[in-house]
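Undergrad: The chain contents come next:
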Amino acid sequence: MSYTVPHNSFKKYFYDLFNAVKTTVVGMWITFRYVWGVKSVSIEYPEVREVLPERARMRLFNDAQNCISCTQCAMACPVDCIYISSEKLPEGAEIKKTSNGQSIRLHLTQFTIDTALCCYCGLCTTVCPTECLTHSHDYEFAQYTIDAMKYDYLAPDVKAWRDRIVKA
Amino acid sequence: MMNKWDIPGAPAEKPTHNAITEKLKTDLLTLNMGPQHPATHGVLRVEIKTDSEVVAAAIPHLGYLHRCMEKHCENLDYRGVIPFVDRLDYLASMSMEWTYVAAVEKMLGTEVPRRAELLRILTVELQRIASHLMAFGTYALDLGAFSPFLYAFDEREKILRLFEEISGARLLYNYIWIGGVWNDWTDEQLTRVSEFLDAFEPETDKYHDLVSVNKIFVERTAHVGVLSVEDCFAYGATGPVLRGSGYKWDLRKNMPYSLYSEFDFDVPVGTAEHGELGDCWNRYIVRMLEVKESIKIIRQVLQKLEPGSVMGKVPKIIKLPKGEVYMRQECPRGELGIHLVSEGTDSKEPYRLKVKSPCFTHVSMLPHMAPGQMVADFVASIGSIDIVLGEVDR
Amino acid sequence: MLNELVSKINSAVSGANASLLTPEDSKLESSILVDAKKIHAVAEFLKKSKIMNALQAISGVDYVEFIEVVYIFGNFDIANPGQLLLKARITDRVNGNIDTISDLFPAADYQERECFDMLGITFNNHPDHRRILCPDDWEGFPLRKDYVAAKNYNGMEVFPEGKMNMADREFIVRQEMIKKAQEAQSGKVQ
Amino acid sequence: MQDGIALTTLDEFLNWGRKNSLWPMTFGLACCAIEMMATGAAKYDLERFGCGAFMATPRRADLMIVAGTVTLKMATRVKLLYEQMAEPKYVISMGSCANKGGPYWQHGYHVLKGVDEVVPVDVYVPGCPPRPEALIEGVMTLQKKIANERLLRDKWVKHA
Chain A
1 MSYTVPHNSF
11 KKYFYDLFNA
21 VKTTVVGMWI
31 TFRYVWGVKS
41 VSIEYPEVRE
51 VLPERARMRL
61 FNDAQNCISC
71 TQCAMACPVD
81 CIYISSEKLP
91 EGAEIKKTSN
101 GQSIRLHLTQ
111 FTIDTALCCY
121 CGLCTTVCPT
131 ECLTHSHDYE
141 FAQYTIDAMK
151 YDYLAPDVKA
161 WRDRIVKA
Chain B
169 MMNKWDIPGA
179 PAEKPTHNAI
189 TEKLKTDLLT
199 LNMGPQHPAT
209 HGVLRVEIKT
219 DSEVVAAAIP
229 HLGYLHRCME
239 KHCENLDYRG
249 VIPFVDRLDY
259 LASMSMEWTY
269 VAAVEKMLGT
279 EVPRRAELLR
289 ILTVELQRIA
299 SHLMAFGTYA
309 LDLGAFSPFL
319 YAFDEREKIL
329 RLFEEISGAR
339 LLYNYIWIGG
349 VWNDWTDEQL
359 TRVSEFLDAF
369 EPETDKYHDL
379 VSVNKIFVER
389 TAHVGVLSVE
399 DCFAYGATGP
409 VLRGSGYKWD
419 LRKNMPYSLY
429 SEFDFDVPVG
439 TAEHGELGDC
449 WNRYIVRMLE
459 VKESIKIIRQ
469 VLQKLEPGSV
479 MGKVPKIIKL
489 PKGEVYMRQE
499 CPRGELGIHL
509 VSEGTDSKEP
519 YRLKVKSPCF
529 THVSMLPHMA
539 PGQMVADFVA
549 SIGSIDIVLG
559 EVDR
Chain C
563 MLNELVSKIN
573 SAVSGANASL
583 LTPEDSKLES
593 SILVDAKKIH
603 AVAEFLKKSK
613 IMNALQAISG
623 VDYVEFIEVV
633 YIFGNFDIAN
643 PGQLLLKARI
653 TDRVNGNIDT
663 ISDLFPAADY
673 QERECFDMLG
683 ITFNNHPDHR
693 RILCPDDWEG
703 FPLRKDYVAA
713 KNYNGMEVFP
723 EGKMNMADRE
733 FIVRQEMIKK
743 AQEAQSGKVQ
Chain D
753 MQDGIALTTL
763 DEFLNWGRKN
773 SLWPMTFGLA
783 CCAIEMMATG
793 AAKYDLERFG
803 CGAFMATPRR
813 ADLMIVAGTV
823 TLKMATRVKL
833 LYEQMAEPKY
843 VISMGSCANK
853 GGPYWQHGYH
863 VLKGVDEVVP
873 VDVYVPGCPP
883 RPEALIEGVM
893 TLQKKIANER
903 LLRDKWVKHA
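Protein chains in written order, with the working numbering: chain A, 1 to 168; chain B, 169 to 562; chain C, 563 to 752; chain D, 753 to 912.
Just chain A, same shape as in the assembly (with noise of 0.2 Å):
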């Protein structure tokens, strides 16, 4: 890597031309094997997917039925683009429970994410209570409006959705 420059001038040209044809020949052939030998490193995307570790932060998904609407995920979120909303059951209903066990006792009557919004950071799955609220791994949602961004989970289509989305 290092040299010492003679002074002579004479020498001085000719050693630069030396020195430019050998750094650039020794660049040229670092590139050139990279043409044999070195595998490939391309994902090809929509045929191949790359597996995503399991903690990858993408979509989020609310899974309605185990909702306890405590708000907390609403509160924890840095942007607010979780919308809740809840009324007290009617007397004498029946309290549903959810998978861990906890007693849902208000009606969730509204649970939209705007993922537009949405800065993916995970503060509101972390804080959810019951667990309904996770991120999925589904990255590929492009849209051509900007209001399908806005993702209702009380929606009556959440069902299939919920067949796509949570690979259980």
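These are computed hints drawn from the structure, not numbers from a lab. Model, not experiment: these values are computed from the prediction. Even for Gly, the Cβ is constructed at its ideal location relative to N, Cα and C. All clues stand as given, with none of them false.
Under 10 Å between C-beta atoms, here's a sample of chain D residues computed to sit facing chain B:
#1 Cys783
#2 Glu787
#3 Tyr796
#4 Leu824
#5 Gln858
#6 Arg883
Please build the complex by placing chains B, C and D on the supplied structure of chain A, with the hints as guidance.
TA: Frame of chain A, contents of chains B, C and D only:
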């Protein structure tokens, strides 16, 4: 012999270039570089006044990415600030997070478990490698070499994959939390880190062969954009810019924070092997040598790691005592400072959060560096200070 | 250590009125408060006596009664590294001004411009006193506590209603109102 | 078959050409620009979709990928760049910030709430920042849109 060429009517001497340019009076031409320009690393706009091809003055215009981050932080709780600090220097999010978190922890007086501190050092040094790889790739791209960009990104992707496994995101992690780190690394992941380092170390030599000693690269960068140590102090430059000028200053060594005093590593300064101290080549080589030091630190971290908890005791709602703190840490681009002011324990939000960003300081040196350079050299100068506009404009 | 520095500043610069600000909590940073009119002389003293050799940042904090300009100096001396928070207070919110120190520390040039842009403090004798982050025709100083964001800039709506999720927020508000009304009603009935 | 076979086939041919040579403009704004660069690099290789030739000038580009936060100061420049592009031109809004202001929507006094305030957007890619695959998916979504364009038919065939 009537003249040099033996042609009647020809002048005795060949007119020199300087003699012509001295006679010629040209108007200053205003060139607008940016905000959309491939060489300005984002949305920096530099108004250049050129005298023919020589830059006479350069006036940076900032604020094209002013995202009001400091205003936002005044309206968020202390945990919610972390995603916003991430987005400052998006190439070194881990370092940004740690500086902010360290400031909060200093005010809170939290004890951070030893394993968490070591993991923080591990991630931050990996991030330093990733960030310097990016600097290497884009700097070569600025100067016309494309393949180093591909090689650098290839290695960077491996680090990002590790980060994605532990934190869940590729770029903006939200991994270092107040009191510790979010997730623990498994032994399998730690072995993969050491495997990565073993494979990556020879690659750095390849980069030296490919770029550092390449005659074209050396000619473009040596003796270009020279900054003396006095200039650096006057403008408050830190990080690789200060070290490239030959001043051996690194916060990790000179004012050790966290557990850095336990580690054995070197502070690389400009070698002046090509060019002179403080020029673009030396600033570049400091980054490349720092990558090796980071590898050294990570190896030591891997030896020191012992099982344990990764999260200290932190109250559920964080409220800080009245007062302020100024926290400095060595980030890949220089010293990041966080000036955090709290308004007493009845408030959940920071009263003021000022970010002293190294890139902002370095951009302010451009008007000092530019005069007398060719326009192409000016591009090399911008690349060598390695700015990230998210941090400059905040 | 800071006590010594305070007495040094007071003896070197007459009228500086330097005083030590110590927080109740010992973990936090102490700082030195000086008279705003003497800031240039104090900075000159710090530079000449080689106590601090670089300016790191100029931060401004808007406490509503006064605006505090915080000069953050760093000593990049390997034998004696350190940092110092030097403060000056400005009570006039409309015409608040302070002397520039950019002739001593060129780093102050951009930092002071940022401080002017964000908090509206005028720096006297500054060579290039313009806004730096916001556009030149921007109104107001964003980091002041009483700042109200403009609704329109150059014909662009800053907070367009359609994008603010008003319906969702209204939904929440309406639900709360219904809840309150129900509670009030049930209270009456009982 | 009101449109006729010839025009349909011609349209398809034109769309095929357009959708497979989308040259984007080198136009990075913020964090998402890094992911855009990663998409162009070796691992994800945007070139496979005929979309990897990043042009340094808007005059030669077909596609503007708005990658990052658009501030009010930058908004006029984005509009200028869009107008400098030659027809046909398409815009992909990449990431939360370009979609709707992203994390900066609430107190962002200097942030434009979505790039669609100044330029027409064809495809919105969510994510903060989106994964490179997500950007590729956005490009594919745009290609789907281009494949169904009715250039000649809309021009020459009069619909009732």
